[in-house]
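Peer 1: As a plain string of letters, each chain reads:
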Amino acid sequence: GEDVEQSLFLSVREGDSSVINCTYTDSSSTYLYWYKQEPGAGLQLLTYIFSNMDMKQDQRLTVLLNKKDKHLSLRIADTQTGDSAIYFCAEKWGQAGTALIFGKGTTLSVSS
Amino acid sequence: DAEITQSPRHKITETGRQVTLACHQTWNHNNMFWYRQDLGHGLRLIHYSYGVQDTNKGEVSDGYSVSRSNTEDLPLTLESAASSQTSVYFCASSEAAKNEQFFGPGTRLTVL
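Note that the protein sequences, when read in sequence, are chains H and R.
Last residue of the first sequence? That's 112 in this note's numbering, and every number before it is there in order.
Last residue of the second sequence? That's 112 in this note's numbering, and every number before it is there in order.
Be aware that a few hints might be false.
List time: in silico DSS-like cross-link candidates among lysine-lysine, alpha-carbon distance up to 27 Å [to be verified]:
#	chain 1	residue 1	chain 2	residue 2
1	H	Lys56	H	Lys70
2	R	Lys11	R	Lys57
3	H	Lys68	H	Lys36
4	H	Lys36	H	Lys56
5	R	Lys98	H	Lys36
6	H	Lys67	R	Lys98
7	H	Lys70	H	Lys36
8	R	Lys98	H	Lys70
9	R	Lys57	H	Lys36
10	H	Lys36	H	Lys67
11	H	Lys36	R	Lys11
12	H	Lys56	H	Lys68
13	H	Lys56	H	Lys67
14	H	Lys68	R	Lys98
15	R	Lys98	R	Lys57
16	R	Lys98	H	Lys56
Covered stretches of chain R (in silico footprint by chain H; criterion: 3 or more residues with CB under 8 Å from a CB of chain H, positions within the stretch not fixed) [as the list claims (entries may be wrong)]:
#	region
17	28-40
18	45-58
19	85-97
20	104-112
No lab work stands behind these hints, which were simulated from the structure alone.
All of these numbers come straight from a predicted model, not from anything done at the bench.
We put the CB at the ideal spot given by N, CA and C, even for glycine.
Using the sequences and the hints given, assemble the complete structure.
Peer 2: Structure (structure tokens):
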């Protein structure tokens, strides 16, 4: 079945770049997603990438997709303390529909 | 403004009791989802629905049921609560054929 793997923790200093990595299993996934969860809140969609793209940039966020290796990464430039959160990678769950399967989440800690 | 709400926000119950968690969205979204979030497991899909009278099992559906009698609501029922069901439960919704899911604030359930 589908599976999404992420490293669990990342600690960076304010102003540095953060790179959060994810591997997924379903090669038929059309879209891959990054969600962000701030303390005590639900998840919010941060960005996504269509499977025919290698890279997507959105302000401080850069998503890289390596379909051959089924590897997805999220780079946050100039990381701020407000970026401290849990980041989830997600792909489509099942053969049809819009249900998602999420990774375990990467806790990003930003120190000043 | 349209929104998605969950109630109660916190619940303590005893083993063996039936518990129902409410989820209500005002976006008129066809798709609704229930997840549970546990340390070390991330978010796992419990049940989902793509429209009225439609329900489907997710990754961890045992011990849970849902019903969809209207577009706005997808209540999650624990038939006989177990301590292993202590968790934070998130409801989400999305438009049909669109993958961005909007999450509720979560319900923290403790089963003693």
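Peer 1: State for each hint whether it applies.
Peer 2: Now for the hints, and whether the structure bears them out:
1. H:Lys56 x H:Lys70: OK: Lys56 (chain H) and Lys70 (chain H) at ~16 Å, within 27 Å.
2. R:Lys11 x R:Lys57: The hint holds at about 24 Å.
3. H:Lys68 x H:Lys36: holds (26 Å)
4. H:Lys36 x H:Lys56: Since the Cα atoms of Lys36 (chain H) and Lys56 (chain H) sit roughly 17 Å apart, the hinted pair holds (cutoff 27 Å).
5. R:Lys98 x H:Lys36: Answer holds: Lys98 (chain R) to Lys36 (chain H) is near 18 Å, not above 27 Å.
6. H:Lys67 x R:Lys98: holds (22 Å)
7. H:Lys70 x H:Lys36: holds (21 Å)
8. R:Lys98 x H:Lys70: Given pair Lys98 (chain R), Lys70 (chain H) holds - Cα atoms ~22 Å apart, limit 27 Å.
9. R:Lys57 x H:Lys36: holds (25 Å)
10. H:Lys36 x H:Lys67: Satisfied, since the Cα-Cα distance of roughly 23 Å is no more than 27 Å.
11. H:Lys36 x R:Lys11: holds (25 Å)
12. H:Lys56 x H:Lys68: holds (17 Å)
13. H:Lys56 x H:Lys67: This hinted pair holds, its Cα atoms lying about 14 Å apart.
14. H:Lys68 x R:Lys98: Answer holds: Lys68 (chain H) to Lys98 (chain R) is near 25 Å, not above 27 Å.
15. R:Lys98 x R:Lys57: It holds: about 20 Å lies between the C-alpha atoms, which stays within 27 Å.
16. R:Lys98 x H:Lys56: Roughly 19 Å separates the two Cα atoms, so the pair holds.
17. 28-40: Check passed, 4 qualifying residues.
18. 45-58: holds (count 5)
19. 85-97: holds (count 5)
20. 104-112: Per the Cβ count (3), the hint holds.
Hint compliance for this structure: no hint is broken.
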